[in-house]
Amino acid sequence: MVQTQHANTDADTIHTAMDRAKSVLVGLLLAGAVIYAGIVGYMFLNQQSLLYQPDGELPDPASVGLADVDVLSLPMADGAVLTAWSAPAAIPDAPTVLFFHGQSGNLGDRADRLREILNSGYGLLAPSYRGFPGSEGEPSELALISDGVQLFDKLSGEGETVVLHGQSLGTGIAAAVAAERPDAELLVLEAPFTATVDVAAERYPFLPVTALMKDQFATRELIERITVPTLIFHGTEDQTIPLHHGQALAEMSDSAQLYVIPNGTHNDLWSYGLWDDVHQQLQKN
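Residue numbers (our numbering): 22 to 306.
In case anyone wonders, no lab produced these hints; they're calculated from the structure. No residue lacks a Cβ here, since even glycine has one placed at the ideal position from N, Cα and C. The reader is advised that the hints may include incorrect statements.
Unchecked claim - Here are the in silico distance ranges between beta carbons for each label pair:
id : residue 1 : residue 2 : range
1  : R246      : V281      : 20 to 30 Å
2  : A101      : L71       : 16 to 26 Å
3  : L233      : S125      : 20 to 30 Å
4  : A83       : P283      : 31 to 41 Å
5  : A101      : H265      : 29 to 39 Å
6  : H265      : D91       : 16 to 26 Å
7  : S125      : A101      : 12 to 22 Å
8  : D81       : E245      : 35 to 45 Å
Work the whole structure out from these sequences, hints included.
Structure follows, in structure tokens:
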């Protein structure tokens with residue numbers, strides 16, 4: 022009888038320990054689920070501020086070495102007014118570059134690029150996106166693409182030949198405009214993505230970004246039907262948007278040339294002669 026009582030006591034102890042372990046495990050799983058839900062909720066609610074990162078005040082063009090650039094206020098179809106930097110071509114019949122900047126900062130941060138464009142004799146129209154310094158409204162994929170098409174039509178209506186140049190986030194806009202306006206002279210994609218949602222999925226593989234992300238800028242779904250001659254520039258050391266994005270777009274396109282820039286990162290491709298290659302291509306056209 023004593024042996025039986027000891028056995029029962031041992032069994033009770035084991036069961037109690039197992040119950041406690043189960044309780045701890047369930048508690049950990051519930052805590053993990055709550056934390057994960059919090060992360061998902063945070064990313065969902067803040068996705069626009071993660072994608073669009075305006076910063077600073079829009080400087081006077083002359084203060085960043087662009088004394089020949091005018092500041093325009095351009096009303097869009099929905100009433101939002103955008104600020105854009107503009108300059109006419111210095112060479113007769115030279116095209117105008119419609120320049121779409123990246124996701125952060127403001128136009129002043131791209132002054133060196135814009136100066137190279139102007140020094141080549143081309144015209145310039147560089148909008149500050151909705152919600153970015155100098156412009157009204159809130160940025161979104163549909164709104165930015167609509168604005169881009171309207172700006173293209175403005176230039177085209179004035180008799181300008183248009184080169185579409187997109188930088189990083191701007192590549193999604195430039196490509197979408199090229200898909201809608203095949204009469205563009207050239208499409209330049211500087212450090213492009215296959216889609217913003219693809220970049221997000223690579224950065225956050227533990228999150229259901231495809232289901233969560235509103236502005237996906239799926240250039241991969243447009244590139245096959247873009248007939249505008251296209252130049253794709255991508256650096257081998259780009260840690261923001263890896264090289265395989267540019268390579269994938271080039272493989273999908275029948276009209277694209279890929280320039281792989283050894284040691285190039287996300288923001289220094291112009292220092293490796295990007296604009297020289299664009300200029301040479303335009304001279305051939």
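Hint check:
1. R246 <-> V281: 20 to 30 Å: The hint (20 to 30 Å, Cβ to Cβ) holds, given that R246 and V281 are roughly 24 Å apart.
2. A101 <-> L71: 16 to 26 Å: holds, 22 Å
3. L233 <-> S125: 20 to 30 Å: holds, 21 Å
4. A83 <-> P283: 31 to 41 Å: Since the Cβ atoms of A83 and P283 sit about 36 Å apart, the hinted range of 31 to 41 Å holds.
5. A101 <-> H265: 29 to 39 Å: holds, 36 Å
6. H265 <-> D91: 16 to 26 Å: Taking Cβ atoms as reference, H265 and D91 lie about 40 Å apart, which means the hint is violated.
7. S125 <-> A101: 12 to 22 Å: At 20 Å between Cβs, range holds.
8. D81 <-> E245: 35 to 45 Å: holds, 42 Å
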